[in-house]
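Participant: The hints should help you fit chain B onto chain A, whose structure is shown.
2 protein chains.
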Amino acid sequence: MKQYQHPTVDQISLTCVLHALSDPVRLNYVQCLAKLTSEQPCGAIPTPVAKSTMSHHLRVLREAGIIHIRTEGTQSMTSLRLHDLEEKFPGVLDSVLKAANSTTSVEEV
Amino acid sequence: MKQYQHPTVDQISLTCVLHALSDPVRLNYVQCLAKLTSEQPCGAIPTPVAKSTMSHHLRVLREAGIIHIRTEGTQSMTSLRLHDLEEKFPGVLDSVLKAANSTTSVEEV
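Quick mapping for you: the protein sequence lines, in order, are chains A and B. In case it helps, UniProt numbering puts the first sequence at residues 1 to 109. In case it helps, UniProt numbering puts the second sequence at residues 1 to 109.
Bound conformation, chain A alone (with noise of 0.2 Å):
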């Protein structure tokens, strides 16, 4: 069963946050896995790009910290980590949810 390598709360970096929210198709992402709140199957969320570019995507969110992903049966289940990144860095997240919510960023994917 694939393992996937998360980094730890000590070495999640704002700039690599800020980075990997810096892109449309993952801003949207992440928009929309913390309006779900639970856990979700990665291809349950609707996505404007191939899987493979998908892939990459989560990659760089998982990387990041922002994201965690487990492997459940035949599906890779991901979910927001709303604790950590407030934890890490209090307010960002959630002020930058609150702008792209704001705007129209989601229709500009």
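Everything labelled a hint here was simulated from the structure, so no lab data went into it. Among the hints, erroneous ones may be present.
What the hints assert, rightly or not - The list that follows gives simulated cross-link-like pairs (lysine-lysine, BS3-like), each with its CA atoms no further than 30 Å apart: (1) A:K2 to A:K51; (2) A:K35 to B:K98; (3) B:K98 to A:K98.
Facilitator: Quick look at chain B alone, frame taken from chain A:
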């Protein structure tokens, strides 16, 4: 006299702002500018990169709508567009700067 182009508040994009802040040199520059509070000559803030590289970074920050640059004699004066950013994306720059100040981002440059 060189005239710099700046995006209007409406034109400022969240993903462009996040991208501009995701580089350690640019984030450090914005941190310094925020601490100094007033308009500064471009060269007043020490940076670890060549002048030409810094010109690129300043252009990215200006085009993202994070800083304003104007020419005064032979100098280029830079200031943060705090009010514009707070109007467009409330809390984003503030939380990012707080996060940056609480980590070792400045030393990592």
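Participant: Does each hint hold? Answer for all of them.
Facilitator: Hints and how they fare:
A hinted pair counts as satisfied when its Cα atoms are at most 30 Å apart, and A:K2 with A:K51 qualifies at roughly 18 Å. Straight-line distance between C-alpha atoms of A:K35 and B:K98 comes to about 25 Å, which keeps the hinted pair within the 30 Å bound. Among the hinted pairs, B:K98 with A:K98 is consistent with the structure: their alpha-carbon atoms are about 18 Å apart, no more than 30 Å.
In this structure, every one of the numbered hints holds.
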